[in-house]
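> Here is how the chains run, residue by residue.
Number of protein chains: 2
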Amino acid sequence: MRAATFHGPGDIQIDDVPDPEIQKPTDAIVRITHTAICGSDLWFYRGQQRYADGGRVGHEPMGIVEEVGSEVTTVKKGDMVLAPFAFSDGTCEFCEQGLQTVCSHGGFWATPGHDGAQGEAIRVPWADGTLVAVPEEVRGDEAMLKALFPLNDVMGTGHHAAVCARLEKGGTAVVIGDGAVGLCGVLAAKRIGAERIIAMGHHADRLEQARAFGATDLVSSRGDEAVGEVLELTKGGAAHVMECVGASSAMKTAIQVARPGGWIGYVGVPHGPAEDGIDIMTMFFKQLGLRGGGAPCRAYMPELMPDILNGTIDPSPVFDMTVDLDGVPEGYAAMDQRKALKVMVEL
Amino acid sequence: MRAATFHGPGDIQIDDVPDPEIQKPTDAIVRITHTAICGSDLWFYRGQQRYADGGRVGHEPMGIVEEVGSEVTTVKKGDMVLAPFAFSDGTCEFCEQGLQTVCSHGGFWATPGHDGAQGEAIRVPWADGTLVAVPEEVRGDEAMLKALFPLNDVMGTGHHAAVCARLEKGGTAVVIGDGAVGLCGVLAAKRIGAERIIAMGHHADRLEQARAFGATDLVSSRGDEAVGEVLELTKGGAAHVMECVGASSAMKTAIQVARPGGWIGYVGVPHGPAEDGIDIMTMFFKQLGLRGGGAPCRAYMPELMPDILNGTIDPSPVFDMTVDLDGVPEGYAAMDQRKALKVMVEL
Chain A
1353 MRAATFHGPG
1363 DIQIDDVPDP
1373 EIQKPTDAIV
1383 RITHTAICGS
1393 DLWFYRGQQR
1403 YADGGRVGHE
1413 PMGIVEEVGS
1423 EVTTVKKGDM
1433 VLAPFAFSDG
1443 TCEFCEQGLQ
1453 TVCSHGGFWA
1463 TPGHDGAQGE
1473 AIRVPWADGT
1483 LVAVPEEVRG
1493 DEAMLKALFP
1503 LNDVMGTGHH
1513 AAVCARLEKG
1523 GTAVVIGDGA
1533 VGLCGVLAAK
1543 RIGAERIIAM
1553 GHHADRLEQA
1563 RAFGATDLVS
1573 SRGDEAVGEV
1583 LELTKGGAAH
1593 VMECVGASSA
1603 MKTAIQVARP
1613 GGWIGYVGVP
1623 HGPAEDGIDI
1633 MTMFFKQLGL
1643 RGGGAPCRAY
1653 MPELMPDILN
1663 GTIDPSPVFD
1673 MTVDLDGVPE
1683 GYAAMDQRKA
1693 LKVMVEL
Chain B
1353 MRAATFHGPG
1363 DIQIDDVPDP
1373 EIQKPTDAIV
1383 RITHTAICGS
1393 DLWFYRGQQR
1403 YADGGRVGHE
1413 PMGIVEEVGS
1423 EVTTVKKGDM
1433 VLAPFAFSDG
1443 TCEFCEQGLQ
1453 TVCSHGGFWA
1463 TPGHDGAQGE
1473 AIRVPWADGT
1483 LVAVPEEVRG
1493 DEAMLKALFP
1503 LNDVMGTGHH
1513 AAVCARLEKG
1523 GTAVVIGDGA
1533 VGLCGVLAAK
1543 RIGAERIIAM
1553 GHHADRLEQA
1563 RAFGATDLVS
1573 SRGDEAVGEV
1583 LELTKGGAAH
1593 VMECVGASSA
1603 MKTAIQVARP
1613 GGWIGYVGVP
1623 HGPAEDGIDI
1633 MTMFFKQLGL
1643 RGGGAPCRAY
1653 MPELMPDILN
1663 GTIDPSPVFD
1673 MTVDLDGVPE
1683 GYAAMDQRKA
1693 LKVMVEL
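Those sequence lines, one after another, are chains A and B. To convert a position in the first sequence, counted from 1, into our numbering, add 1352. To convert a position in the second sequence, counted from 1, into our numbering, add 1352.
Mixed in with the good hints there might be a few duds.
Identical copies go unnamed one by one, so any copy, or any two together, can satisfy a pair.
Straight-line distance between alpha carbons at most 20 angstroms, and here's what the computed DMTMM-like set of lysine to aspartate or glutamate pairs gives [what the hints assert, rightly or not]:
| # | residue 1 | residue 2 |
| --- | --- | --- |
| 1 | K1604 | D1631 |
| 2 | K1376 | D1363 |
| 3 | K1376 | E1423 |
| 4 | K1429 | D1672 |
| 5 | K1691 | D1672 |
| 6 | K1521 | E1547 |
| 7 | K1638 | D1557 |
| 8 | K1542 | D1569 |
| 9 | K1638 | D1569 |
| 10 | K1587 | E1445 |
To be clear, the hints were calculated from the coordinates, so they are not data collected in a lab. Small disclaimer: the values here were computed from a predicted structure and weren't measured.
The whole structure should be built from the sequences, with the hints applied where relevant.
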């Protein structure tokens, strides 16, 4: 089979790789129909994160079950399924708490021993704990599949930011970042019923999409000016801040725009020097709460999927470019050059 | 009147200072009967924190109301009262949330314009929002007054660590620090109903007091060895970690001993380089929550006072030395040299 692989900064290639095989009775093989390129893929693409030479890439799988191990009971051959960016056993104490990203036996795609999703097929460990079936009736509905797809990462991640920031109906949220996760964060905040949603970012077109997703205010300035604008708009800060970037500068902004006693949810893998970001003295004196991490998208799928199926939310506008498997290198380049916000890969 | 004042590192003196006067109709004047020296006072005493030369010191007031302003309604002349280490208006959005330490019009004792509690009397701003009356019937009961007194700081602070760490009945807590706050944290955890309470510290006598307060396990080793012990005892970390030191090394330990998905409550004013403490990557990958700050002791007094009055908890063993006002300099020296854990000042 063929799959995208990493060969150094800026160099993604499509290689022949071994077909996946069932290794454990809890495994499934999924033939990928849809995958995507993630903003977090740009860290290794840009050489800002070490990555195995020749390693498989991609962590957003959607496809058709081709084979299941003998112990798999919740999905069967022929089902269309979504898998979150992390696989999980579904039964450990952490999965039971809805924290599948810290599953005792879980892991991440495209790590040693595990397939990357930007390829023709993957072996899915813990199929029962990992996969969620897409309803049969939407199988041919490409628009709906494109709307459901972001549940495997960016939509669940945006929702996680809102959950960690303890956003509730009627609340005021600041969403930092206008990438796909930030935009999905706005959508999640709107779905939860936030009364005011302030989107912070630096790209006019993305901020307009944030407005379409439900942002009530847009802040496109930078640094202290941006912080000042938010403090003015909120008369002293927002009780719920969603840090959807994963950079120390964004965390600094989050602490500055949070209202005393407020909460910061952070969902981007942290990058940048820690001492630039976590101003613990300010957090202490503002009595802030901080919580985040890799989103347990698996936990959120059952909650969010119905609202996509019934049309309440549709995150698919985060995709502004579509390629096939051979177009994956071009997709990376487009995202790296900010010519595309997020690239869908259709196989 | 006379009061303790700061004259450089290691130099506390008892000076003549002006008598306090009612300045606003919401003020009260309280004649101090009991006050204390706090572990946090050692930061300036040791020259590790800048402090005004000649400035008043102390932030733990208990005493008798001598005079009230015309708008004060909840306390009257002659009442015995406790005041938390922060004063607060009692009516702003933050006070209404029980977050009096971020009160819109609040502040702290011994800051410019405000009296320190280690003296014969203080002016209390926002008397209605700040003071809590001690029941008339315990007025002469010195043992009970000594038990109630820590509600103004260390007992409320220990409780805040438990609240921020989201400790609930049946949970497992790690309490980092065997100072007065850590010991009160153990007592708070016991009161909440924690099934297992692991106290970490370096002083055998203090750890024995932790055991008397309800700790089920004591860890006195340091660094990686201590972390290893806690991870072994808890089979992978505790879901509730109470950082009761306020040093970056303690925060590092807190992150290391927290169970994935767990919560860290931190209540010591942070000291030490931030980059040594907040390992945001580990926090991210362990999906930890962090919350803390100066404890809103005023909010906790109504909840905790009945359990002291009925004998459920008695934090008074944190005091192992008593001095009068003239003995305050000696009290600082004893705490600095670790000859005393916490010094009560009786006037």
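> Please flag the earlier hints that this structure goes against, numbers listed from lowest up.
Structure breaks hints 2, 4, 7, 9.
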